[in-house]
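Chemist: If you read the sequences in order, they're chains A and B. Just so you know, we're using this note's numbering here: the first sequence kicks off at 398 and counts up by one. Just so you know, we're using this note's numbering here: the second sequence kicks off at 398 and counts up by one.
If you are wondering where the hints come from, they were derived from the structure by calculation, not from laboratory data. Don't take each hint at face value.
Which copy? The list can't say, so a pair holds if one copy fits it or any two copies do.
Unchecked claim - Listed next, the in silico DSSO-like pairs over lysine-lysine satisfying Cα-Cα at most 27 Å (straight line):
(1) K527 <-> K488
(2) K739 <-> K490
(3) K791 <-> K625
(4) K642 <-> K488
(5) K739 <-> K642
(6) K488 <-> K748
(7) K625 <-> K527
(8) K490 <-> K625
(9) K437 <-> K791
2 protein chains.
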Amino acid sequence: MSAARIVICGAGFGGLTAARAFGERLSRLRPAGEILLIDKENYHLFQPLLYQVATAGLSGPDIAIPIRAILRRFPQITIHMDRVVGFDLEKRKVLLEGSSVGYDYLVLSLGAVTSYFGRTTWGEYAAGLKSLSDAHRIRGQLLLAFEEAECTGDPSRQEELLTVVIIGGGPTGVELAGAIAELTRHVLRRDFRQIDPTKARILLIEAGPRLLAQFPERLGRIAECRLKALGVDVRLSSRVQDLGKRSVTLASETIRSANILWTAGIVPHPLTASLPAPRDPSGRLLVLPDLSLPGHPNVFAIGDMVSLPGVPAIAPAAMQMGRHVAGLVTAELSSGVIPPEKRRAFRYRDKGMMATIGRATAVVWIGKAAFNGPAAWLAWLAIHLVFLIGFRNKVIVLFQWTWSYLTYGLGARIILRSEDVASPTRRNPSASSSADG
Amino acid sequence: MSAARIVICGAGFGGLTAARAFGERLSRLRPAGEILLIDKENYHLFQPLLYQVATAGLSGPDIAIPIRAILRRFPQITIHMDRVVGFDLEKRKVLLEGSSVGYDYLVLSLGAVTSYFGRTTWGEYAAGLKSLSDAHRIRGQLLLAFEEAECTGDPSRQEELLTVVIIGGGPTGVELAGAIAELTRHVLRRDFRQIDPTKARILLIEAGPRLLAQFPERLGRIAECRLKALGVDVRLSSRVQDLGKRSVTLASETIRSANILWTAGIVPHPLTASLPAPRDPSGRLLVLPDLSLPGHPNVFAIGDMVSLPGVPAIAPAAMQMGRHVAGLVTAELSSGVIPPEKRRAFRYRDKGMMATIGRATAVVWIGKAAFNGPAAWLAWLAIHLVFLIGFRNKVIVLFQWTWSYLTYGLGARIILRSEDVASPTRRNPSASSSADG
């Protein structure tokens, strides 16, 4: 038997964990399989801290770790920075821009993107928070709004600039609201002469009856209470009717705001729809218990693109799925093909959920224990540091947190413009040297 | 006498030092003057370390410090993030996009931009290194070239991608060449499977007969020798005839390269030409000995936009000029107007020059002492840390340097695309709320 080729699409939590697990197991097999990991970026993004990049607490590189550096020690892993454009499951091929690669096993880990409930223009008015690009957009918008408010003499314009509306009261919305409240209340407090940043209005809009719907009710109430203490105007059971350029329309009123942030929903990666597999109403794949696609025992899907009862769309679930698939495939490679129905089913081990609300406050829900306050906050800090990849990144993030805590200062308060990243546009590799004229 | 209004344009080394010096002195005057500092960015950029952002050693925010945070303790300083578009020296006004501000004293500190010797298309082919945007462009291009070389099967395309040409053998060119050599020789060494980054070709092209023309000849020779030891192909007395998309034409040959960097010249900020003042052939302002503009005793120019015999275009000179002007103006405000010819002339105190070449190597020239090697390198590190603004930034940069030194790793190896900074385009403040429809 020749070396099997395993292709992993996406280097998020699921794909990266699968790659590492394959790397560790396959080196012990003879013949060793070879692994190809494809991602459109050259880095793995630690999404749980993305809101801190958006609110100027961390720099992009603090939470974006080069994939090659992470997987350097596995010689059987090859990495291609490329964009997946489709799949041909019959021919066992992944289609890339201008080329394709064949596979024996395919692991799909493409993640999710922000969903505006099909309202195509809303993305223009309200920034989501799923990528480094999103975080830079939010950071730039927020800081620029304060700069403009300082310069303009028009009070109604100032009010619009100093109003922040966050739509969606899940963990990301709660964390953003808390971080923005602290940014305006503490960090920017003494920086301006014409405006008072502490007077900035921060609204958190949630369609449901409480915050953190996935958490126990008590924790949602605590988050609400803590955010209110920070000066956030929390609006529950409040559905957004319409979004415009700098306006949010609710049933009762229209709010003018230059800073509209959207954390109200995600959908699986658009390519999910191109797969010949059943999907749930939100578009997520309905996989078999072993995580393979029905009718395609050599194709697995993991992470946020998958719908499994009782499994939340969070990093630990994606990582567990990645390890599960690596285990199944390695077992097949050493002892022969196993039909999907005889394979071990994926079982989610609930490690809990947590969200931070602000300085020394967080809510944590682990198994039967639900707690909050400084202990929860320290648990949040510790767990995020442990899971952040790279010793260097851990040290820098820990230092920045300590610094911010002690000084009420934030380090990454710079406005990058779009032209600050002057288009290292991807030159099409397939165009080769002939395109150069 | 009412409070005098001092307007400073530009928050580089000169403008920022002037603002601080004014802030410290004016608080002791009655009536205190008021200072307005205008910059198009919200951060002060520590340009001497910009090459380390371009070569993935540091993140942008490590060397870009919010101006408001630096000047927070001076209540008499107001900061406007705005773009200067012209001057009306007769009416004593600075023209901004959509508005203007009056001044009693004006300090011009607009700095310099990359000069391509009037070859307008060259900027497209060869990235300069003066702004954070430039640094991100270079970092993205370099890292992307290795990613593409790994994916392409075409050997001639691979060669082009793995060739880096740096044009200009001054301190920036030397520092870039050294840092890129270490990036390819050490950091990326084990990261790829199809290509060998240590085989990357790095050329440093200099039109003059030696490197570091402003330094003593011996140091230029040492830099050349050290760069050659790192594998850099140093070409002296080699003038660029033409640049094209991915090609550099010298008298003897044309080199194909996907990474062309330009550090061969700077010119003063374009607005310099709009001032009613004499200029030297390179466009820099010929100011009076007190740094005021001839015929405009209340207008001063400092830093890289000024031509003064024996004063190099480096940060310490700009800072000394900023302090000089703050001293003159404060003296006038407390004891009455002094005609330019009776004012104290600016005298440059030569604090030396330095350039780092790579791991534990630098050249330093202080007064009569010219030295190199590890001692020079430590001096370089210490001085850059001392002058980098902000304790937080010092700690982070020191940690990253220590880390890189010990592990041969670099932290900021991420490719930002232009769409990663999704256009927080400056909304024109003058457009006000009426523009929102």
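Chemist: Within a copy, between copies, both or neither: where do K739 and K642 come within 27 Å Cα-Cα?
Modeler: neither (54 Å within a copy, 57 Å between copies)
Chemist: Should K437 paired with K791 be assigned to within, between, both, or neither, using CA atoms and 27 Å as the limit?
Modeler: The answer is within: 25 Å in one copy meets 27 Å, while 33 Å across copies does not.
Chemist: If the cut is 27 Å between Cα atoms, do K527 and K488 qualify within a copy, between copies, both or neither?
Modeler: Cα proximity of K527 and K488: none, with 32 Å in one copy and 50 Å across.
Chemist: Taking 27 Å as the upper bound on the Cα-Cα distance, should K488 and K748 be classified as within, between, both, or neither?
Modeler: neither (39 Å within a copy, 69 Å between copies)
Chemist: Is it within, between, both, or neither for K642 and K488, if the alpha carbons may be no more than 27 Å apart?
Modeler: Neither way: K642 and K488 sit 46 Å apart in one copy and 39 Å across, limit 27 Å.
Chemist: Can you give me the call for K739 and K490, within, between, both or neither, at a CA distance of at most 27 Å?
Modeler: Within. Shortest intra-copy distance 26 Å satisfies the 27 Å Cα cut-off; inter-copy 81 Å does not.
Chemist: With identical chains treated as interchangeable, where does the CA-CA distance between K490 and K625 reach 27 Å or less: within a copy, between copies, both, or neither?
Modeler: Close neither inside one copy (52 Å) nor across copies (46 Å); limit 27 Å.
Chemist: 27 Å Cα cut-off: does K625 pair with K527 within a copy, between copies, both or neither?
Modeler: within (26 Å within a copy, 45 Å between copies)
Chemist: What label fits K791 with K625 when the C-alpha limit is 27 Å: within, between, both, or neither?
Modeler: neither (31 Å within a copy, 36 Å between copies)
The earlier numbered hints that this structure contradicts are 1, 3, 4, 5, 6, 8.
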